[in-house]
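If you read the sequences in order, they're chains Y and S.
In this text, residue positions in the first sequence follow our numbering: the first is 318, and each later residue adds one.
In this text, residue positions in the second sequence follow our numbering: the first is 318, and each later residue adds one.
Treat the hints as calculated values from the structure; they're not laboratory data.
It cannot be assumed that every hint is accurate.
Claimed, not checked - Here are the computed lysine to aspartate or glutamate pairs in the DMTMM-like style, where the Cα-Cα straight-line distance is at most 25 Å:
id: 1; chain 1: S; residue 1: K361; chain 2: Y; residue 2: D669
id: 2; chain 1: Y; residue 1: K361; chain 2: S; residue 2: E616
id: 3; chain 1: Y; residue 1: K361; chain 2: S; residue 2: D669
id: 4; chain 1: S; residue 1: K361; chain 2: S; residue 2: D339
id: 5; chain 1: Y; residue 1: K361; chain 2: Y; residue 2: E563
id: 6; chain 1: Y; residue 1: K403; chain 2: S; residue 2: E409
id: 7; chain 1: Y; residue 1: K361; chain 2: S; residue 2: D623
id: 8; chain 1: S; residue 1: K361; chain 2: Y; residue 2: E616
id: 9; chain 1: S; residue 1: K403; chain 2: Y; residue 2: D419
id: 10; chain 1: Y; residue 1: K361; chain 2: S; residue 2: D339
id: 11; chain 1: Y; residue 1: K361; chain 2: Y; residue 2: E371
id: 12; chain 1: S; residue 1: K361; chain 2: Y; residue 2: D339
id: 13; chain 1: S; residue 1: K403; chain 2: Y; residue 2: E409
2 protein chains.
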Amino acid sequence: MSVSRVFLDASGSAPMSRRAIDALQAGIADGWADPARIHAESRKARALVDGAREAIAEILDARPELVHFTTSPHHAFERLVGGMYKARRGFEGIAVSAVERDAAVYAAAFAAPHAVDVLPVNEYGHVDLDALQSTVAGGHTALALVQHANQEIGTIQYNDDVYAITHAAGVPLIVDATASIGHIPAPGSWDALVAHPADWGGPGGIGVLALRAHTRWLPAWPEGDDWAPGGVNVPLALASAVALQERADTHADNADRLSGYIDRIRAAVAQYEGVAVVGDPVQRLPHVLTFAFLYLDGEPLLSRLDRAGIAVGSGSACKTNSLEPSRVMEAIGALTHGNVRLGLHPGVTEADIDRFLEILPGIIADVRGDMGAHP
Amino acid sequence: MSVSRVFLDASGSAPMSRRAIDALQAGIADGWADPARIHAESRKARALVDGAREAIAEILDARPELVHFTTSPHHAFERLVGGMYKARRGFEGIAVSAVERDAAVYAAAFAAPHAVDVLPVNEYGHVDLDALQSTVAGGHTALALVQHANQEIGTIQYNDDVYAITHAAGVPLIVDATASIGHIPAPGSWDALVAHPADWGGPGGIGVLALRAHTRWLPAWPEGDDWAPGGVNVPLALASAVALQERADTHADNADRLSGYIDRIRAAVAQYEGVAVVGDPVQRLPHVLTFAFLYLDGEPLLSRLDRAGIAVGSGSACKTNSLEPSRVMEAIGALTHGNVRLGLHPGVTEADIDRFLEILPGIIADVRGDMGAHP
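Working from the sequences, and respecting the hints, build out all of it.
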């Protein structure tokens, strides 16, 4: 990244830190062999994976042998939802909050094509606990998926309250922590959890899942208990663990600083005409913010910001081709034309925020001028 | 790898070359962003992936836009078999040769649980073309899977002859080239193809698939046309392409040299008592060899070799826990107790082979002595 650019789109990807890159290189040197074979080269690779698993398990407060690497968070959802659903024979429904990420919803729809119960959320994106309660009380729910925090609007769910309800009903809870781990302390209440190294400054192309000892699952695929058929890349696993340790060491400092930046941006953009700032202003991720333009397309805004040297995300997703209104925004009742999503990585400075807030009003005015759309 | 060790287990994993490591590092510096977003950082990452795809496509003689990265070859088989099967509604069977790899067989069994037709092979592992012919003539075959070359015994299938049969019957052919690409020229006859970067000295944690323009598939999963849901790791894609280019540049030289080593080993071990050397001695991969002991367990042999500084594979698989007789060995009618599989990477020298052949007879004698099992 050129020093002159400001990167404010660190949700699901961020520049790796020096320590993480060093770990990746050490992994390439010492962990290139297939960790599943029996000779010394493989044992060395296996030891690195085991060490990475232990380091991550400690931060998740999970048992190392129940922490697994997958080839992506998407794949983690596929295997987890498929495997846990299969173990709950006799129960057909899967309850998912309306703000779960696509990968979680897809996995649920694949496992239970006609039995996905979507749970409404309030204006901040908190899942409706009464709806959860009445759904799981119905006796047909095999699994529930309620995320830890939302990747678009930043809202942190009341994880303990959610779990109290699912646990009392005997329904296993899968918690999507792909947007939160590495930014805030791990959630405490889950039967299975998914996390995403690239979101915490680790490498892409790898996912993490964790199970509790009591959590039952059956292999949906004949590979058996292998969560990453074909194997994981050992250097990626090692770099993931080192990046997470580094984040955990600096959680509190970064969270305070980045949260302050987000507060500043929230306050500033709330003053603009036709802009809605969404998500829980308090119970939220420290580094994520989405604001929505009622009468303005997102794409020209993002492109102009990009040309001005500032990278931001579109609220809706990870896709160049999905500038359609976001499902999350619809779920919270935000009527929106275009969104800007910010994700601040620890390298973002006060000066970056100054520059963004200095440049933004002019760019909005330009886009409005181009559109002739100022109402 | 310590210089004093001899690594002869390069099937599915091998030390990466300097050029491939450099490419990985360049990818970390310039390709850390999510390639699917719209700002400059993402476009840079996307350009690297596109370049990698083009480089690989050229070597596969495929169209770049029909070459896709996946998170592993296993995942490539899952998506390909599932998606192509779904597009062949009205046809229920999947024909697989008896020597396909587990990932291919699993994918077939998952898509068509009760309709997998296993095609016999001859003593060298060549698929029975008459059996293929009569199976696809039956009119119920949705897909056929016949590999390019076998990862255990090295036998190269008569790919053009196989394709002539499937194509005439209108049955799409998926060719597993995970053991051959990077070692010999790519097969010419396929409707879909799977390849494995880690097998050609690229990184682990990534797979490659290619389709022909006429090949039909439907998304088995709701993600649509995304072959790697969650995205691929850009540095891995880049390093995969560079490693393959390097291999392609040196194909002929390496193949001749390594094939000579294999011939030497074949001739030497064929002299031992109670040893069967398997696979086609001529139409074979240049770098792979399996030999089987009729009255000797594989595990103590592998362990003793390892302690003596030589890493070899077990014939049966990639797994520490699968020393049971190999399915491939059973299919070719090799009655076997323990196997040794060799995979030679380009860094292997004549001196390494000298050392292996010098040490092997003594180790066999020791294991026989321990077992008291010399018949």
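query: Among all the numbered hints in the text so far, which are the ones the structure does not match?
result: Going through the list in order, the structure violates no hint and respects every one.
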